[in-house]
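Residue numbers (the working numbering), protein chains in the order written: chain A, 1 to 259; chain B, 1001 to 1326.
Quick caveat, the hints were computed from the structure, so don't treat them as lab data.
We treat Cβ as the ideally placed atom computed from N, Cα and C, and that holds for glycine.
Don't take each hint at face value.
Label pairs and their in silico Cβ distance ranges [as the list claims (entries may be wrong)]: (1) B/G1114 - A/T88: 34 to 40 Å; (2) A/A131 - B/L1107: 45 to 51 Å; (3) B/G1114 - A/I75: 50 to 56 Å; (4) B/S1301 - A/D134: 35 to 41 Å; (5) A/F14 - B/L1112: 49 to 55 Å; (6) B/I1305 - A/A131: 30 to 36 Å; (7) A/D200 - B/L1112: 19 to 25 Å; (8) A/D200 - B/L1107: 42 to 48 Å; (9) A/A131 - B/R1003: 44 to 50 Å.
In silico DSSO-like cross-links for lysine-lysine, where the CA-CA straight-line distance does not exceed 30 Å [claimed, not checked]: (10) B/K1199 - A/K109; (11) A/K64 - A/K92; (12) A/K92 - B/K1008.
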Amino acid sequence: MAEMLEVSRLSKRFGGLVAVNNISFSVREKEILSVIGPNGAGKSTLFKLISSFLRPTTGEVRLKGERISGMAPHIAARKGVVRTFQETTIFKNMSVRDNVVIAHHLRSKASLLGFFLGTGAAKADEVAFGASADEILALLGLSSLANETARNLPHGHLRALGIAIGLATDPSILLLDEPFAGMNHDETMRMVAMVRRLRDLGLTILLVEHDMPAVMKISDRIVVLNFGQKIAEGTPSEIQANEKVIEAYLGSEDEAIGL
Amino acid sequence: MTRNRNMKIASVAAFLAIVFIAVPAAISASGRFDLYYTLTSVALLSIASAGVWLTFYIGRINIGQGAYALMGGYVSAILVMNYGWSFWLTLPVAGLFCAAASVLIGLPILRLRGVYFAMVTLVLTEVARLLALALPITNGAKGIVSIPLPGALSVFGLIIIPDFATLQNSRLAFYLLAVTLMVVCFGVMYRLVNSRIGKLCQSLQQNEELASSIGVNIAYLRIIAYAVSSFFGGVAGAIFAAISQSIYPSSFTVTDSVNFMLNCFLGGLGYVFGPMLGTLVLYFGWDLLFQTGQFQLLIYSGLMIVLMLVLPNGLLSLAASIRKKA
């Protein structure tokens, strides 16, 4: 399988602290790759580096061979690397549907001036975005809530809306920041099924997550970080048998990785 | 859908009939010609306030519109007095000058959010006043006076607007000018807000990080909105200078900047026409309270506080909630 995203020798220093140290791995097309690690392992920093919300100190990130690290986040999004947020980050005062419609912005063919003047291209965009938004909402089971103001949604639906916003940008690779955090077992299983469905539709997914059972269930491959360094990479069963990983999680969380 | 559209057309027509026909008719019937000046001021102040409203719409508290009004006034006055330009040419030039200046100023300061942006813009008005005092071209504290009234505007020999100095009633002419510009300005604002640009601005207001993650060039959009805002400020300032035929460093001060912002608050930050209503109510409200003498400011500020507590979304939220009930 072809490589979608390539992280090579990526490092990030904050003053004296090395949050991410010389990490390399790659994400293949149409796979679900999870990044796990104990608290403070550098997962979030890595996530921000890949989505260009942070500039790497050294190293680079390439999407289909094209360098994307060190650019502004909206440029990275244009190239096809789109992230969701850990917190329930949505446009709170817009309707659910408007949230998804506006997220189609990247696909718009009309310019700002075109939108102001209401040109044909702008009108065509509006119609196409509306139709696509309805499709995405249906896919994520949000159709019945389309006209609800986003801030009134319950927790689980908010997370789904976050993913809907990400999908609307038509990404090459979708980065999910702790998609299962704060969810109960049923919600988690539903989310796992949903993410797999997205992968089956042809999306490449990279996720950062704490919830071990969910990660083991969902991932094609797993990258494990500890103290800013990559300590293991492999399939879920390889990771479960890896001594370094067991050591990193030893005592407190061995049950959590399914041993 | 069509009914909604017909309603809109009807209310726009009614509004135009009121400001262009009913108001002048009522004034000439009652003989209160001083009201022209008051209403002209309201129209111009509402244009400047509309600019402030637009910066609110992208999530920035702008207390610096006075700086651009002052700048616009001086640009127009200097071009007319020193270079003999026609006022009509200086009007767009003043707006564009302010827009260009706001791009330079906005590039660094629009990164700031919340109270930090507000503080910097507050200082901006004071900086503009001090610059006007210090620069040789602005003639310091003496200001620029005896600016001639706007001359005739003709295109291909056809006179569109007559020379204001030859008119018997230049007050009416200024009123019509100001109201026309106000209508155009709010038309532009309405279109902006109801097109995708409005939605993009809202996305900035509600979450800049998420906006940039879906590919919105937030820095660019902020600059555009701020430039449009300052353009309005500059145009309003230029006409003020033409009406009063003078401009001083104290023509627009921090108080004016604060008032522009209050107009938006009072009318409603969620409604395009909020600043227009807010300016009208605030301007006349202040004048009506004149009779209370030394208590004027006390009552005025007390009322403002109460209004903001009771109606945090502005006066127009009243109309919206009535419509919802009906």
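Q) Honestly, do A/F14 and B/L1112 meet the 49 to 55 Å range at C-beta? A) violated, 23 Å
Q) Quick one: are A/A131 and B/L1107 within 45 to 51 Å, going by C-beta? A) At roughly 38 Å between Cβ atoms, B/L1107 and A/A131 fall outside 45 to 51 Å, so the hint is violated.
Q) Taking 30 to 36 Å as the hint, is the beta-carbon distance of B/I1305 and A/A131 inside that range? A) Violated, since B/I1305 and A/A131 (Cβ atoms, about 48 Å apart) do not stay within the stated range.
Q. When you check the alpha-carbon spacing of A/K92 and B/K1008, does it fall within 30 Å?
A. Holds, at about 28 Å.
**Q.** Hint check for B/L1107 and A/D200 - Cβ pair distance inside 42 to 48 Å
**A.** holds, 45 Å
Q. At the C-beta level, are A/D200 and B/L1112 separated by a distance inside 19 to 25 Å?
A. violated, 45 Å
**Q.** Distance restraint evaluation - B/G1114, A/I75, Cβ atoms, bounds 50 to 56 Å
**A.** violated, 26 Å
Q. Has the hinted range 44 to 50 Å been met by the Cβ atoms of A/A131 and B/R1003?
A. Once the Cβ atoms are compared, 25 Å apart, the range 44 to 50 Å for B/R1003 and A/A131 is violated.
Q) Within a Cα-Cα threshold of 30 Å, do B/K1199 and A/K109 meet the stated pairing? A) holds, 16 Å
Q: Note whether the CB distance of B/G1114 and A/T88 lies within 34 to 40 Å or breaks it.
A: Given range 34 to 40 Å: violated, Cβ gap about 21 Å.
Q: Given the hint of 35 to 41 Å, check if B/S1301 and A/D134 actually sit that far apart at their C-beta atoms.
A: At 49 Å between Cβs, range violated.
Q | 30 Å Cα cutoff - pair A/K64, A/K92 | A | Given pair A/K64, A/K92 is violated - Cα atoms ~34 Å apart, limit 30 Å.
Consistency with the previously given hints fails for numbers 1, 2, 3, 4, 5, 6, 7, 9 and 11, ordered from lowest to highest.
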